[in-house]
Structures are given as C-alpha cells and as structure tokens.
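Undergrad: Same order as they appear, the protein sequences are chains A and B.
Taking my numbering, the leading residue of the first sequence gets 1, the next gets one more, and so forth.
Taking my numbering, the leading residue of the second sequence gets 1, the next gets one more, and so forth.
Careful: at least some of the hints might be erroneous.
[As the list claims (entries may be wrong)] Sample of chain A residues facing chain B (criterion: CB under 8 Å; computed from the structure): (1) H176; (2) T178; (3) V305; (4) E306; (5) A309; (6) R312; (7) C315; (8) E318; (9) H319; (10) L322.
These are computed hints drawn from the structure, not numbers from a lab.
Glycine residues also receive a C-beta, built at the ideal position from the N, C-alpha and C atoms.
The residues making up each chain are set out below.
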Amino acid sequence: MSEPTPEQLARACARAFGLDEVRVDGLRRLAGGASRETWAFDAIGTGIEEHLVLRRDRAGAAFGEPPEFTLLQAAARAGVPVPAARFVLAPQDGLGGGFVMDRIEGEAIPRRILRDDNLARARDAMAAQCGTILARIHAIDAATLPPLQAPEPGVAPARAELTRFRELLDRYGEPHPTFELAFRWLGAREPPGREPALVHGDFRHGNFIVGPEGIRAVLDWELAHLGDPMEDLGWLCVKAWRYGQSASPVGGFGKREDLFAAYEAAGGALDPEAVAWWEVFGTLRWGIICIVQAFTHLDGHVRSVELAAIGRRVCETEHDLLELIA
Amino acid sequence: MTQDRPTARELLDAVAEFLTEEASPALDGRRAFLARVASNAVAIVARELALGPAADDAESERLRTLLGSKGPLDALNAELARRIRDGSLDARREDVVTHLRETVRDKLRIANPRYLQS
Chain A
1 MSEPTPEQLA RACARAFGLD EVRVDGLRRL AGGASRETWA FDAIGTGIEE HLVLRRDRAG
61 AAFGEPPEFT LLQAAARAGV PVPAARFVLA PQDGLGGGFV MDRIEGEAIP RRILRDDNLA
121 RARDAMAAQC GTILARIHAI DAATLPPLQA PEPGVAPARA ELTRFRELLD RYGEPHPTFE
181 LAFRWLGARE PPGREPALVH GDFRHGNFIV GPEGIRAVLD WELAHLGDPM EDLGWLCVKA
241 WRYGQSASPV GGFGKREDLF AAYEAAGGAL DPEAVAWWEV FGTLRWGIIC IVQAFTHLDG
301 HVRSVELAAI GRRVCETEHD LLELIA
Chain B
1 MTQDRPTARE LLDAVAEFLT EEASPALDGR RAFLARVASN AVAIVARELA LGPAADDAES
61 ERLRTLLGSK GPLDALNAEL ARRIRDGSLD ARREDVVTHL RETVRDKLRI ANPRYLQS
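Isolated chain B, as found in the complex (with noise of 0.2 Å):
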C-alpha cells in the first residue's frame, strides 16, 4: 500500500529539523551534542535510503567481475576480505584498490559527503 505524506525521507528529515532547530539549542553541554549527533544520525539515515541500493549493486557488480563469483553482497565482501588476507589477491592489487576505493567514495557518500572534500 503506498504510504501517504509525508515520504520516509521527509519524515526524517523532519526529524533532524527538530533536532537542529529546537532540541539542541534547548540542551545543555552534552545533550546538545548528542542531539546534534542524532540530527547527522538521522541524515546519514535519508542518504542511505536515497544512495544505497544504487551503491550496493554496483559494489556487486564490480565484486562478481573481480572474483569470478556470484552470490549476496555479504558472501562477496566475505570472499575478498579471506582472499586479501590469505594473498591470493596480491598480484591484482591495483584492481583491488581501484573497487576499494570506488567503494569507500560510495560509502562516505552516504556516511559524511564533507570528508570527500577534505
């Protein structure tokens, strides 16, 4: 059944507004933080909802070229995690590090865009 208004992004973003705009000014010290913390908690939340599925089919996608399997993303991440650590990897490196980095950039996407223009 579709949900009425608002979307699930817009409910959170609600939420972080409320956070920002009057939560935190509202606290002292250290809940202000927090609250602050649960506003960017709550941020991360909207951009893996908007990011994710997008990512995540492309980190697959990029894992099957790479090692030849098939599978969940999980198992994927499994195999080449015991295949860097074991060495099998280590003469394709450079392959590894380009999927890594591309991996890396879709999660800092997702967990703090600003750290990309750091």
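Just chain A, with the same shape it has in the complex (with noise of 0.2 Å):
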C-alpha cells in the first residue's frame, strides 16, 4: 500500500468538514506497528486549523467504520480522556480502510514521563486517574459496542484468555520451562467468572499522552476485548511498564494504593487477589509477546533489529515471574 499524499488527505478532510478547500501540511509518520500506521498532519482551510492523526491498517483491511472509531466515541462519551474520533476513511478518499482523530499535544515516551521535572505533578496524580479512568471505561454498556472478542459461553474470562496464551505458544514449538511454571500457577489459581465487561486490553504506561496536569489522553484501543475488567488493573501493575523505576507499581510512577482507592471510589468492583493473579498473566502475556515479536522478523513478515532483540527481553519476564511465584 502506498504512503498517504498530503493532497489525498486534503481531499478527504474537505470531504469529511464539508468544505471547498482543505490544505495540509507537516505530513509525517508516527511510530507504526505491525499491522498498521499512524501518521501525523495538519488540516487548514477557511476557518479551520486542525492538528489530526490519521491511523490506518495495512492493505487489505474492510472498509466500514473501524471498531476502534466507535469506542474512542463510546469512550469520550463515558468520561474518558481519548482523543475525539473525526471521520471514518470513504473508499473515494483512496487511502485504505481506516479513519481520522484529533492529535494530543503532550507527552508519550514513558522515560521522559518518569524524569521531565515540568511532570512531577501529573506523575503524582496519575494513577489515582487510572483508576478513575479504567472505573469509566468498565462501566460502559457492552450493548452500545460493536462486536468484540469474548470468552465463549461459560468460559471464565481467565481459563479464555490462559487457553489462548498457551495455544500462541505452543504455535513455536519451542521448549519455555519458566513460562510452563507460571502457567500451572496460574491454572491452579484462576479467579472465578465474573460477567465480561469491557476492557481496554492494552493500558498501561507508553500508551498514554501526558501533561503537567496528568493523563490527556489514553490510546491504543485495538485490543480491546470483553473478559475480566481485573485484567486492565493487572496490566498496568506489570513490572516491564515501570520502565526502570521498579519500586513504583503502577507505570513507574504510583502505588497501588492509589490505584485501587480511586477505581473503587469511582463505582468499580475490585478484587484485589484476581489483580495479583492478573499481574502475574499479564508478565508471562508480555513474555510470549516477546517471541511472537521476535518471530515476526524471524519469519520475514516484518524485518527490524528491533523486533529482533525483543527476543532477548523474555528472561527479563521470566526473572519477573520467578519473582512473583517462586
């Protein structure tokens, strides 16, 4: 597929704002991932001034509007910060499926959020907003969504989610002593079933916009899925998202603590051990993630030395996991 033309996006953007004439400048690629791109512009026309992130798939993906287009509505509709939802991608705008959101002006790599001195206030006040966030985003009508993935009938959101970990790593064929440990602490501790609501599937530190008053905006929402809200607050606790400053669980830059106190305070159900035991998933998750991204350049879909040495981060999940379950 080829790249976006600023005058592709000008055409599309006046299409979308109903007006005659749409210029844009300062057309630039984001940070991409495997199967999809993020680019930054601005759109100028008569009366308008627009900073905007384009995010498309990779060729071959439908046309429609992309579920992540309706839960970033469904989300800022909820109380969430995320980033307004414009215009869904038309066929005659030429570029592939895919759609248009405003741009955050703030602050995204974790290692300056950590140590940018103008951030010492939101890093005290962030995971107090996780917790109200997260409350807001598990409290949203499942109804009101598109379909999402979720556990069959019956099955806990755990025993779904543990099954499909394991059929990912076996896929490899390759012999993980430490990770077939955590997977039979995990299977002999799964939380009970409780109702499937919506979860984010991917929160945590680095998919975050930030300012000096805290979190702007939270992005990322292609995984969203239905299962156990737990889940999303184990995610956020595992150690690789601290980003050096281990002795903060959550990101790095908070406690639990403050975490919890605030998800409750905001209506939402904890359970406090299902969180430990979703933290230790959420490790052994990030781990076999690790290989599946190192395969992804071994196998030739995507070549990167990055992909590569991700391959050699996995003993830092199974240091971690020793550390949880030993």
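From these two lone chains plus the hints, build me the complex, please.
TA: Next up, the structure:
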C-alpha cells in the first residue's frame, strides 16, 4: 500500500468537513506497528486549523466504521480522556481503511514522563487518574459497542485468556520451562468468572499522552475486548511498564493503593487477589509477546532489528515471573 | 587458522562504537533509536561469545542432575518443559525453581546485565 499523500488527505478532509478546499501540512509518520500505520498532519482551510492523526490498517482491511473509531466515541461519552474521533475513511478517499482523530499534544514516551521535572505533578496524580479512567471504561455498556472478542459462553475470562496464550506459545514449538511453571501456577489459581465487561486490553504506561496536569489521552484501543476488568488493573502493574522505576508498581509512577482507591471511588468493583493473578498473567503475556515479535522478524513478515532484539527480553519476564511465583 | 586482529570481540566493539558514537547522533528520530538498538544487540552478541559456552555447560549439568537424563541441551530443556507442564515435577518444585533462577540469571548476564540490579 503506498504512502498517503497530502493531496489525498486534503481531499478526504474537505469531504469530511464539508469544505471546498483544505491544505495539508506537516504530514509525517509516527511510530508504526506491524499491522497498522499512524500519521500526523495538519489540515488548514477557511476558518479551521486542525491537528490530526490518520490511523489506517495495512493493505486489505475492510471499509466501514472501524471498531476503534466506535470505541473512542463510546469512551469519550463515558468521560474517558481520548482523542476525539473525527471521521472514517471512505473508499473514494483512496487511502484504504481507517479513520482520522484529533492529535493531542503532550508527552508519550515513558522514560521522559518519569524524569521530566515539568511532569512531577502529573506523576503524583496519574495512579489515581488511571483508577478513575479504568472504572469508567469498565462501566461502558457492552451492548452499545460493536462486536468484540469475548470468551465462549460459560468460559471464565481467565480461562479463555490462558487458553489463548497457551495455544500461541505452542505454535512456536520451543521449550520455555519458566513459562510452563507460570502456566501451572496460573491454572491452579484462576479467579472466579464474572460477567464480561469492556476491557481496554493494553492499558499501560506507554499508551498515555501526558501533560503537567496528568493523563490527557488514552491511546491504542485496538486490543479492546470483553473480559475480566481486573485484567486491565493487572496489566497496568506489570514490571515491564515501570521502565526501570521498579519501586513504583503502577507504571513506574504510582502506588497500587492510589490506583485501587480511585477505582473503587469511581464505582469499580475491585478484587485485589484477581488483580494479582492478572499481573502474573500479564507478565507471562508480555513474555510470549516478545517471542511473537521476534518471530515476526525471523519468519520474514517484518524485518527489523528492533523486533529481533525484543526476543532477548524474554529472560526479563522470566526473572519477573520467578520473583512473583517462586 | 588463527584469525588476525581484531578478534571477533574487538570487531563487535568497533561496530558498537560506530553505531553509538557516529551513526546514532547523525540520524533522526526512529533511525537514531534503531541505531542504539543495533548497538545494544552487538553488545549482547559480544557477551554471549564470552559467557555463553560456560553458561550452557552449567545449564546442561544442572539439567542432567535434575532430570536424570543425558543428551544435548535442547533435548534436556524440551524434557524439562514437558515434565513441568504435565505435572510430574510438581513435587520437586523447589529444585526446579533453583535451576530456573540460575538459568535466567545467566541469560540476563548476557542479554541485559543491568536488569539484575533493578
């Protein structure tokens, strides 16, 4: 699929905003994933100057309202800080499938968020903000959302996720004894099933845009699914997302007590034992994702020294797992 | 045949220096980041050359004792994984954990020695 051009984007914005003419400046690629692209650009027209982001799928994605677009709108209605979803790409735009949203100014790089003096107040506030935000996400009525991945009827979310990652690890056919120990530990302690709710699926430090007042936007909703809300709280506390500040379990910036208190104050139903289980699960999940990413390079799908190097981070997660379960 | 200087290790050090001191500062944004990733990857290889063989030998020795089996390291690890998974090592969990801790520590000394201090 070819790169988007300013002219194509300008015509798409003109169509979407109902203007005769739009000019696009500053088109640039932001960090891309393996399955989709993110581009920043500015759209200038009569009486408007919009700072925007194009999110599009790599070749072959279907048209129609992407699930992430609908989720962003539902999240905004629920009081969750997210970029405003502006419009869905149409076939006549010639840009493939995807959508455009507002671009939020702020800092997104975790190591900077953790050391920037201007963000000290933000760091103090963020654990509680995470709690409030997650309670609002988990309260969104799933019936108002597009179909999302969910556990089979009668299968608890924990069991469904364990099965999913078991099968994923088995696909590679390599021995990982520490992961086997973790699977056994997790399988013997599964939290009880609860009514599946909307789960963000990748709510962690690294997916926030932060300003001096704290979290301005929660990004990357592509892994949202129906499941156990405690999964989001556990994932947030996984050691990898502390970026070296291991003494602060919540993203390297905050304490579990602050996260939990705010979650409950905002109406969330907290189960601390389940959160601890999901933190162990999340550590295992990140370790398996490291293997998947290394093989994305090794199998030739996306050649990248970054993906190759991530394969050597598996032992960090093994270390973390042994600390948690041994 | 004995190779001429620089040694493999010295060559890797030269590549790492180039990536860190020349390539990374001359590139912007993502490519500068990738140059640092590449430099780090080269450092991993250098440490693996230095520490890998002894770590593998120690791991094999521990596995032969733990499992009562012989064979190459890959096969021993496959057996360990299988036996943890099927529960037949549950009664020896402490021994398994001790072994895994040492194995993971040796892996980290190669892949990211600073992680052991974090």
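Undergrad: Run every hint past the structure and note whether it holds.
TA: Now for the hints, and whether the structure bears them out:
1. Against a cut-off of 8 Å between C-beta atoms, the interface hint on H176/A holds, since the closest Cβ of chain B lies about 6 Å away.
2. Evaluation of the T178/A hint against chain B yields a held restraint, the C-beta minimum of about 5 Å falling below 8 Å.
3. Contact between V305/A and chain B, as hinted, is supported at the beta carbon level, the nearest pair being about 5 Å apart and thus within 8 Å.
4. The beta carbon of E306/A comes within 5 Å of a beta carbon in chain B, closer than 8 Å, and the hint placing it at the interface holds.
5. At a threshold of 8 Å, the smallest CB-CB gap from A309/A to chain B is about 5 Å, leaving the interface hint in force.
6. Restraint check, R312/A versus chain B: the minimum CB separation of about 4 Å is within 8 Å; hint holds.
7. Taking 8 Å as the C-beta contact cut-off toward chain B, the hint placing C315/A at the interface holds, the least distance being around 4 Å.
8. Evaluation of the E318/A hint against chain B yields a held restraint, the C-beta minimum of about 5 Å falling below 8 Å.
9. A cut of 8 Å between beta carbons decides the hint on H319/A: the least distance to chain B is about 5 Å, and the hint holds.
10. Residue-level restraint check for L322/A holds (minimum Cβ-Cβ distance to chain B is 6 Å; threshold 8 Å).
Hint violations for this structure: none, all hints satisfied.
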